[in-house]
Amino acid sequence: MPEVKVLTRHFGAPGVTGLEGYRRVGGYRGLEKALRVGPEAVAAEVKASGLRGRGGAAFPTATKWSFLPQGVFPRYLCVNADESEPGCFKDRVLLEEMPHQLIEGAMIAAFALQVSHAFIYIRGEYRRQRELLERAVREAYSAHLCGPSVLGGEWGCELIVHGGAGAYICGEETALLDSLEGRRGQPRLKPPFPAVKGLYGQPTVVNNVETLSNLPYIVVEGGAAYAALGTEGSPGSRLFCVSGHVQSPGTFEVAMGKTTFRELIELAGGVRPGHHFKAMQPGGGSMQILGPQHLDLALDFKAVSDAGSSLGAGALVVMDETTCLVDVSMRLVDFYRHESCGKCVPCREGTYFESELMHRLEAGLATEAELGTLPDVCRAMDGRCFCPLGDTATWFVMSAYRMFPEEFHSHCGAGACPVRSALGAAA
Amino acid sequence: MAAVEAPGELLRVTIDDRQVEVAPGSLVWDACEKAGVYVPVYCAHKKLEPVAVCRMCLVEIEGMPKLQPACATRVSQGMQIRTATDQVRDFRRGNLEFLLLNHPLDCPVCDRGGECDLQDFTQRYGPGRTRSAITDKVHFDKAVRLSDRILLDQERCILCWRCVRYYEEVTGEREIVLQERGVHTLVDTFEHRELQSEFQGNLPEICPVGALTHAQYRFRARPWDLRRTASVCPKCSYGCNIFIDAREEQIARFASNDNPDVDDSWLCDRGRYSFPELNRTERVLNPEARLGGGRQPVAHSEALARAAGALLRVRGDHGAGAVGFLCSPQVTNEEGFLLQWLARQVVGSPHLDHRLEPLPELSPEQFRLGIAELEERDAVVVLGDAPERSAPVLTLRLFKTETKRRRRVLRVPLGTPAASLLEPLQGCRSVGVVAHQEQRSEAVALSRSLAGAGLSSSVLTLVEGMNARGCQDLGVSPAVLPGYQPAAEPGMHGRAILEAAAAGSIKALVLLSPDPEWERDPAFEAALSEVEALIVVTPWLGLASRQATVLFPGRTVAEKAGTVTSTEGRVQRVRTALQPRFPFPPDLRVLGELGGALGTPLGVQPLAGPVFSLIAEAVPPYRGTQGGLRADWGAPA
Amino acid sequence: MFRELLGGLRTTMRAMTTKPVTIQYPEEQRTVPPRHRGRHILHRYDNGLEKCIGCELCAGACPVGCIYVQAAENDPQHPVSPGERYAVRYEINLMRCIYCGYCAEACPTEAITLGPRLDLSDYKRERLVATKDDLLEAWPGFRPLSQGAGEGTGSPAPQPTPLGAGSEHRGPAGRAPGLNPPIPVRPDEGRGTPPV
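Chains as they are written, first to last, in our numbering: chain A, 14 to 440; chain B, 73 to 709; chain C, 407 to 602.
For the record, the hints were derived by calculation from the structure and aren't laboratory data. It cannot be assumed that every hint is accurate.
Said to hold, decoys possible - As a list, the in silico DMTMM-like pairs of lysine to aspartate or glutamate whose alpha-carbon atoms are at most 25 Å apart:
| # | chain 1 | residue 1 | chain 2 | residue 2 |
| --- | --- | --- | --- | --- |
| 1 | B | K209 | B | E241 |
| 2 | C | K530 | C | D452 |
| 3 | B | K119 | B | D208 |
| 4 | B | K138 | B | D102 |
| 5 | C | K538 | B | E320 |
| 6 | A | K203 | B | E240 |
| 7 | B | K119 | A | D191 |
| 8 | B | K138 | A | D395 |
| 9 | B | K138 | A | D389 |
| 10 | B | K476 | A | D191 |
| 11 | B | K214 | C | E433 |
| 12 | B | K138 | A | D404 |
| 13 | A | K210 | B | E121 |
| 14 | B | K209 | C | E516 |
| 15 | A | K210 | B | E320 |
| 16 | B | K119 | B | E134 |
| 17 | A | K203 | B | E460 |
To be verified - Residues from chain B that keep clear of chain C, each with C-beta distances beyond 10 Å, as calculated:
| # | residue |
| --- | --- |
| 18 | G185 |
| 19 | F291 |
| 20 | D297 |
| 21 | L553 |
Every residue, glycine too, gets a C-beta built ideally from N, C-alpha and C.
Take these sequences, add in the hints, and give me the full structure.
Structure (structure tokens):
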């Protein structure tokens with residue numbers, strides 16, 4: 014069985030959503046140990062674990078921490094809980110099942126970085142999760158797990174939960190910081206990077222919920238033990254959200270690099286009966302499509318990247334043969350058009366162009382000439398936008414067009430979606 | 073990325089095979105400009121911080137996989153920049169296609185048509201037509217009245233943010249905000265409030281398209297109709313450089329003409345929108361003279377002869393002291409100097425002034441500090457609110473000094489003792505004192521006591537009236553001669569002249585461009601009705617032109633050439649932007665010829681250039697300044 | 407010699423029987439080719455709104471600079487043209503014009519075309535500077551050419567003025583945007599009688 018249990022090992026334990034229950038399963042021992050061994054030792058363990066960011070970019074966490082300039086205080090930690098990638102719901106599970114695991118991880122990171130204020134920026138739509146989290150933070154405060162003096166020691170750190178207002182772009186770290194500061198949620202010009210000049214102009218580390226939730230395990234069990242769960246290039250375990258045309262969608266924790274997509278899909282019960290696999294999206298709405306030939310790829314950063322895609326935020330969307338990829342592309346592009354912050358031209362206008370074009374194509378109204386502009390439009394956006402949002406708005410569409418060109422061409426002038434028509438005829 | 077460089081060492085970069093050396097910290101955009109390679113931009117602006125949102129300036133930089141924004145990327149040693157590759161061209165075409173997707177085709181009715189960056193760049197780099205089948209653009213409100221001065225067309229906006237950033241970085245007033253997101257993003261005032269700023273007129277100028285337009289210039293002209301003349305704003309003594317854009321001998325607008333040492337490219341609304349008074353058509357159009365019972369139009373030569381005759385008669389009967397000379401501070405240096413010559417050398421009268429109220433204790437010490445030097449001072453002390461009321465653009469300079477240059481700006485009430493300033497000025501080594509001319513003695517005293525406390529201190533005084541400083545420098549005042557030499561025998565100041573005229577001891581009065589405001593003054597009216605001979609040179613109809621014994625049609629600031637001196641002592645040119653509606657000689661020649669008719673030839677042609685040489689001879693600090701330099705009055709005494 | 411005389415007479419006789427080529431100009435006008443470039447016409451939409459929006463592109467395109475346009479803002483209650491802008495003054499110096507048609511080429515709303523009339527003569531030079539009233543079609547003095555200026559010369563019938571934009575030549579028919587206000591009726595100012 015490829016499944017391993019690190020983050021999820023105590024899921025469902027009695028009362029584990031509360032402080033008592035969490036303590037019963039060994040909670041906050043990581044924080045205690047961290048305070049005992051000191052910040053440098055924690056950072057060293059994280060480095061040894063090879064932990065990479067789970068938000069999508071997969072940047073090594075220890076390296077990110079090391080970018081903080083020496084001796085500049087105050088510095089801030091922001092927990093990115095603005096999970097809004099289409100198909101992604103792992104942070105929600107972590108927040109719902111074990112909010113204290115995140116709080117402990119955040120406090121360990123805050124201690125390692127010697128931060129005095131840590132912020133959890135939680136997605137605006139996660140109202141219930143926010144309530145759960147706030148209750149957990151209150152519990153943590155009353156148990157002196159955060160606040161002016163953590164566990165009675167010298168070091169203290171405030172932990173503040175801040176809700177977003179419902180914008181996908183605020184998952185981008187600099188937009189998150191702007192939103193947290195009370196401005197329009199729009200990405201900032203880089204450099205300066207947040208590690209140098211972030212929240213309120215101070216050095217700031219922004220880490221994902223899942224990344225930080227791994228820290229208690231890493232500190233208690235050691236970085237090497239965590240790394241050994243996976244392979245050298247892809248250490249540790251990871252949560253994957255499997256959704257789409259599978260029998261039992263859900264969140265599964267598997268060892269990185271040792272598990273294949275096929276095994277992951279089988280964990281979710283396989284493709285629904287009577288249908289067969291057509292394509293999948295390995296990293297949420299942003300990432301490029303993969304086909305049946307990629308099913309036996311390992312969940313390994315390099316292997317997936319060599320196949321022309323990315324593990325992204327760890328959301329696997331499975332599509333069977335009833336799926337019209339033009340339709341899927343259209344819906345994804347609509348999402349990006351809706352979520353574009355409007356800051357830069359290629360993203361603001363490009364997603365509009367793309368979405369209008371995809372709507373015409375899906376309705377079977379577009380001509381071949383119009384379809385011919387799609388690669389041009391995407392080329393004018395990809396890599397030209399201010400932040401990755403605009404770039405990623407083209408990735409799925411272009412990869413689907415490259416992998417299934419005949420499906421796109423068959424829409425031209427068809428007057429209706431041919432895939433849907435064929436389904437209707439079959440039914 | 074960037075190699076380790078010694079500070080101050082120039083960086084050598086290559087742009088499209090051209091090599092240039094630029095200072096460290098320069099942007100790629102600056103380097104391109106230096107290399108003479110044009111890079112199109114919308115969001116970037118020389119006076120604003122980069123945001124890199126329009127993406128128009130993306131260029132190829134060797135070693136970087138993606139195109140980089142030239143407006144926000146700093147150069148590094150040996151950087152190889154390419155702006156004319158297929159990749160860049162292809163992107164520019166694509167980006168313009170995007171911009172035009174939702175941009176209305178308003179060009180024929182848009183005030184910006186003909187001077188619009190979107191038009192220009194589309195012509196130069198863009199696609200001829202769209203390939204999109206979108207027929208329905210995203211629509212917003214048109215011609216939204218943000219105030220009585222500014223209109224906003226939200227559809228035309230390309231969201232470069234310049235207006236938002238202008239309000240954030242230049243005025244600090246933050247009146248325009250971005251709202252909504254994606255293609256529905258728009259700029260507007262918060263909750264549709266009316267704009268309150270005194271600097272709104274700069275918005276249409278920084279807008280790269282026709283989204284923000286002047287209400288006053290609405291549908292007035294096309295850029296190709298306009299004749300552009302560089303000049304100086306006539307509304308106050310600050311000396312902002314402007315362009316006068318005229319169509320058919322009518323001013324259509326004032327536009328800013330960036331002078332980093334003075335206006336930094338920003339104008340105040342009071343100055344920018346002041347030109348309609350210069351367009352007035354009710355004007356003095358003919359030389360006139362009182363003949364027998366009434367006044368009649370006469371030839372210019374006859375008017376001269378009559379004026380000279382009247383003055384000679386008064387001088388003969390009552391002595392030279394019975395002639396008074398008054399001008400407004402709207403005259404040029406040359407005119408002021410000739411009026412002074414006419415009074416002191418030709419007629420021999422000491423009674424001469426450029427304003428009504430007395431202005432004692434004039435000295436160059438009150439004007440030592442320059443406007444741009446404010447930014448270099450560790451701290452600036454502003455006495456009361458009068459300086460900023462007098463010259464609103466000063467507010468923007470102070471804001472820049474405070475925010476971008478991080479200097480201390482202290483606005484203190486009048487009468488603040490120097491001792492109480494020492495604490496807030498702690499740690500400062502140099503300080504500038506800014507005061508209105510009414511407080512100039514206080515300012516000098518304050519500056520002296522700050523200097524006594526070990527600070528290097530100097531004063532910037534704001535005088536009232538476009539060329540008041542020039543009039544003072546050139547001795548158009550009763551107590552000082554040109555160059556602040558004390559007069560051996562001081563004459564009467566303006567109001568005293570009027571009172572003496574009303575009382576009968578002044579028999580003849582020469583008025584050069586009298587201030588129309590004076591007509592509300594009863595003393596002015598009394599004086600004008602009592603004098604025997606009233607010689608008036610004025611463009612405007614009014615009390616003075618009605619009462620004149622001899623009347624010469626004068627020219628407005630927009631119609632004459634010469635120099636004016638701004639309050640910091642900068643000698644700047646005004647140029648003839650409009651031709652007057654009459655064929656008669658300009659004011660300067662009237663003064664010169666009048667001297668000749670009185671028996672003292674000027675010796676040079678009564679034109680701005682030759683008269684300026686006379687000025688430079690009489691006032692050495694003015695030597696060589698007419699190209700826009702500050703007159704150097706030497707170190708403090 | 408006699409033969410030559412007869413030959414000459416035959417030519418004379420033949421000419422006597424043909425119809426005269428002269429016409430009673432200006433009462434009669436020659437028909438011109440459809441793309442003839444004569445005096446300019448400013449067109450209206452069917453609802454009476456002027457097509458000209460005062461954009462000055464004609465003036466910009468004019469190689470001799472004979473067009474003067476002054477724009478103004480439309481009163482939304484009583485618009486002169488669709489949209490925000492209209493020409494409050496529109497003048498063409500017909501003496502300077504070289505009838506190249508660039509103005510029509512440049513016009514974004516097809517408001518100006520060059521018409522069939524070519525009678526460019528007057529007793530006063532100033533009158534050859536055509537104003538908007540002269541150029542705009544369907545003004546009160548306007549009468550289509552087909553009715554013939556010579557017919558029915560009763561006094562109430564409006565006389566075509568020398569510069570009246572008399573023509574049945576209309577710009578491309580267009581669906582007029584905007585409201586349907588009545589065509590503003592301008593009292594006949596009696597711009598003098600035509601030269602006889």
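- Task: Find the hints from earlier in the document that the structure breaks and name them by number, from lowest to highest.
- Result: 1, 2, 3, 11, 15, 16, 17, 18, 19 and 20
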